[in-house]
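Can you make the complete structure from the sequences, with help from the hints?
Protein chains: 2
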Amino acid sequence: MKALKVGIIGFGTVGTGVYNVLQDFKDIEIKKIAVKNINKKRNIENFDETLLTDNPYEIVNNPEIGVVIEVAGGVNPTYDVLKTAIQNKKHIVTANKELLAKEGSELFRLAKENGVIILYEAAVAGGIPIIMPIKTILCANKITKIAAILNGTTNYILTKMGEKELSYDVALKQAQELGYAETDPTGDVEGFDTAYKIAILSTISFNKKVNINKIYREGITKITAQDIKAAKELGYTIKLIALGQVVEDGKVDVRVHPMLVAKKHLLAKVKNATNSIMLTGKPVGELVFTGAGAGAEPTASSVVGDLLVLASELEASNHPLPQAICNHTEIADQIDIGDTFNEYYIAINASNNPGAIGVIGTICGKNNINISTIMQKGTKDDNTAEIVVITERSKESDVQNALQELLKSECIKKIDNLLRVMN
Amino acid sequence: MKALKVGIIGFGTVGTGVYNVLQDFKDIEIKKIAVKNINKKRNIENFDETLLTDNPYEIVNNPEIGVVIEVAGGVNPTYDVLKTAIQNKKHIVTANKELLAKEGSELFRLAKENGVIILYEAAVAGGIPIIMPIKTILCANKITKIAAILNGTTNYILTKMGEKELSYDVALKQAQELGYAETDPTGDVEGFDTAYKIAILSTISFNKKVNINKIYREGITKITAQDIKAAKELGYTIKLIALGQVVEDGKVDVRVHPMLVAKKHLLAKVKNATNSIMLTGKPVGELVFTGAGAGAEPTASSVVGDLLVLASELEASNHPLPQAICNHTEIADQIDIGDTFNEYYIAINASNNPGAIGVIGTICGKNNINISTIMQKGTKDDNTAEIVVITERSKESDVQNALQELLKSECIKKIDNLLRVMN
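Sequence order for the protein chains is G and U.
If you want our numbering, it's the position in the first sequence, counting the first as 1, plus 3.
If you want our numbering, it's the position in the second sequence, counting the first as 1, plus 3.
Treat the hints loosely; a few may be bogus.
It does not matter which identical chain is meant; a pair holds if it fits inside one copy or across any two.
Subject to a maximum C-alpha distance of 30 Å in a straight line, what follows is the list of computed DSSO-like cross-link-like pairs (lysine-lysine) [to be verified]:
{"#": "1", "residue 1": "K148", "residue 2": "K267"}
{"#": "2", "residue 1": "K212", "residue 2": "K29"}
{"#": "3", "residue 1": "K380", "residue 2": "K105"}
{"#": "4", "residue 1": "K145", "residue 2": "K29"}
{"#": "5", "residue 1": "K138", "residue 2": "K272"}
{"#": "6", "residue 1": "K148", "residue 2": "K411"}
{"#": "7", "residue 1": "K8", "residue 2": "K285"}
{"#": "8", "residue 1": "K285", "residue 2": "K138"}
{"#": "9", "residue 1": "K138", "residue 2": "K212"}
Since the hints were made in silico from the structure, they are not lab data.
Here it is, written out as structure tokens:
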């Protein structure tokens with residue numbers, strides 16, 4: 004008799020990857036697989052079509068199934084399906100970042116009430132071990148900061164923009180052709196996917212529930228070839244960074260936006276679709292975890308890893324993995340983007356006259372902003388000049404005020420971009 | 004009542020670090036600390052001197068103590084002390100890489116027999132989570148390769164040699180003055196410490212007992228400023244690399260030696276005392292774990308992490324952490340260095356005459372060695388020339404034969420160095 008019977012909900016790339024990997028583990032029996040389209044031809048050797056159902060409730064209501072593997076994604080109908088599974092005392096292994104970021108609190112509460120656990124290594128950074136290390140071997144630490152590249156699509160696009168000096172549109176198109184970006188890339192390029200992941204990571208790192216709706220989020224669509232070029236000249240590369248940190252009074256600062264990352268920084272060296280997570284904790288110091296953040300195989304590594312740990316613990320005990328239980332009763336006090344402190348890159352389009360730099364300097368000074376670098380990037384046909392400013396550490400609201408004031412000045416035509424900087 | 008009572012053996016830097024971190028965990032009570040010198044003044048606030056003993060058997064024979072934390076190091080008397088602890092049914096948390104590399108098999112066997120477990124995250128790469136991830140979340144993987152920087156002292160020395168073009172002796176002296184190297188640096192610079200760690204890592208990664216005595220080991224003392232310079236010109240940096248890989252027929256190739264690492268490789272970017280482990284597995288692909296490999300605080304993170312996981316599991320169950328049990332019954336079939344395949348860097352001192360390069364080319368060709376780069380590095384006062392060769396992938400025994408043959412040739416004065424290359 005097999006030790007553990009599982010049902011799989013979702014049979015796309017990741018679901019198929021999980022199915023394939025599980026073929027090597029004879030102690031685990033797949034009882035059912037819920038799919039959208041039961042008639043779709045599956046290209047899998049010796050596949051038993053009778054495993055398929057188009058009704059996920061057949062899995063979550065099946066008394067034989069002990070663990071539900073959910074790799075379907077989305078909130079509807081998955082949220083209700085998983086609530087039913089938990090009420091039926093099934094443990095959950097899921098890769099669903101959106102659902103956990105939005106409804107994790109209620110799911111974890113319900114799981115505790117029903118004495119089951121939810122494991123979700125695959126929900127953040129694909130194959131990179133991060134959730135289980137934070138919950139286990141790093142649990143002596145007070146984690147104070149996470150800075151991470153959590154989305155392969157945007158990192159791929161930014162890498163290509165940097166290497167080949169492509170525009171965003173051209174790089175996106177190439178990424179789509181190569182399968183790195185979806186036809187509708189919004190979830191990736193506008194930072195939603197990254198925001199779900201940093202919400203989950205911050206919540207377990209700081210042990211306080213982070214509200215996804217309070218995460219400041221900015222995507223990469225505004226990044227121009229000109230920004231990439233200016234950044235390169237200044238010794239930076241542009242990355243979409245997820246940031247979570249504890250600031251004064253135990254408040255937390257969680258956000259997603261592009262940043263100029265200094266070339267010597269380890270995150271600057273993470274290329275193409277690779278993900279990387281830099282974690283700062285006491286006593287451990289700084290750790291960096293790097294690897295494939297998506298794809299069938301890496302994601303299956305995390306899903307099946309969770310499942311095997313659960314299986315071996317279930318065999319030994321009725322109370323598996325006490326340290327993996329999530330129940331974040333404390334609500335994080337999240338600060339507003341206006342209250343954050345950053346260094347900034349500001350790209351300004353100004354009249355090509357000697358006064359412009361003076362005006363920028365004066366307005367920045369009035370708003371408590373120290374400029375560390377100012378660089379005129381040549382003039383354009385319309386007799387305007389591109390000016391790039393790098394500031395010292397300043398308050399976001401001061402910078403926003405300065406930008407408003409700059410726009411009122413006659414010699415400033417346009418603020419081309421405002422990006423934050425990581426050194 | 005405290006949930007868990009522990010004894011600590013060893014109270015140097017790491018032991019004190021563990022003591023300090025444990026002050027934040029009120030559920031864990033330190034019953035006894037075994038030290039070498041009971042009269043030594045300890046610079047710890049509110050320290051209860053009655054905790055100290057100079058007899059570690061007072062800890063391992065104390066029926067109240069559930070877990071023994073061993074951070075004393077060495078094989079004698081620690082091996083016997085820990086065997087007694089295990090026979091007395093105590094779980095072990097240890098940072099002792101030498102003991103595990105040399106006597107791990109017997110300790111794990113004894114632990115299994117007595118129903119206790121040995122955790123040892125701190126034995127490899129200090130604060131970096133690697134042992135527990137391999138034993139838990141990565142357990143769906145077949146790990147095929149580990150390439151790692153596992154010794155902070157040697158990486159610090161090599162970094163300084165590279166940055167400031169220092170000789171080995173000067174860099175070692177600076178490292179000693181700054182506390183990065185010990186007065187007798189042999190254990191670090193000759194690669195013993197690294198060999199212990201790769202023996203442990205390879206054993207759990209390949210799930211076959213690796214024999215420490217069969218690990219080929221070469222330290223960094225032969226590396227010259229000239230090698231560093233030539234490597235830099237060719238686009239490489241020199242690192243002490245621990246390598247463990249599965250080769251044909253399930254044999255394993257485990258070794259420690261300096262390598263020229265291509266500048267774009269992630270391991271080339273690991274500087275100073277930082278450690279980094281690159282792991283290749285199926286399905287996960289390539290993962291890189293980077294962080295502090297030594298020091299009181301990072302090491303305490305791993306020791307206390309192991310302890311807290313153990314504590315929470317012990318509370319829930321009598322059979323904690325089934326997936327953490329080590330019992331490597333299968334012996335690894337380790338191949339000899341002569342049977343390995345590598346790319347090579349060969350530094351040759353030759354007569355400054357036009358025939359030398361021809362001789363090198365001919366002898367390499369005869370021994371099945373393809374040269375990818377050959378570079379004359381100027382002439383010396385004694386009318387000899389420095390010639391650097393980079394080969395394509397070749398068999399070590401062929402290369403050794405070629406070197407013997409080169410030395411018999413009149414125009415070859417000396418083989419200055421032979422290093423392996425990682426691209």
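Status of the hints after comparison with the structure:
For a Cα distance limit of 30 Å, the shortest separation of K148 from K267 qualifies both inside one copy, at 19 Å, and across copies, at 27 Å. Proximity of K212 and K29 under a CA criterion of 30 Å is satisfied inter-copy only: 24 Å between copies versus 38 Å inside one chain copy. For a Cα distance limit of 30 Å, the shortest separation of K380 from K105 qualifies neither inside one copy, at 43 Å, nor across copies, at 62 Å. Taking the shortest alpha-carbon separations for K145 and K29, only the inter-copy value of 15 Å comes in at or below 30 Å, while the best intra-copy value is 39 Å.
In this homomeric assembly, K138 and K272 come within 30 Å of each other (Cα to Cα) both inside a single copy, at 27 Å, and across copies, at 28 Å. When the C-alpha separation of K148 and K411 is checked against a cutoff of 30 Å, the pair qualifies neither within a copy, at 37 Å, nor between copies, at 60 Å. In this homomeric assembly, K8 and K285 come within 30 Å of each other (Cα to Cα) only across copies, at 23 Å, whereas the closest approach inside a single copy is 40 Å. Taking the shortest alpha-carbon separations for K285 and K138, both the intra-copy value of 15 Å and the inter-copy value of 24 Å come in at or below 30 Å.
In this assembly of identical chains, K138 and K212 lie within 30 Å of each other by CA distance both inside one copy and across copies; the values are 15 Å within and 29 Å between.
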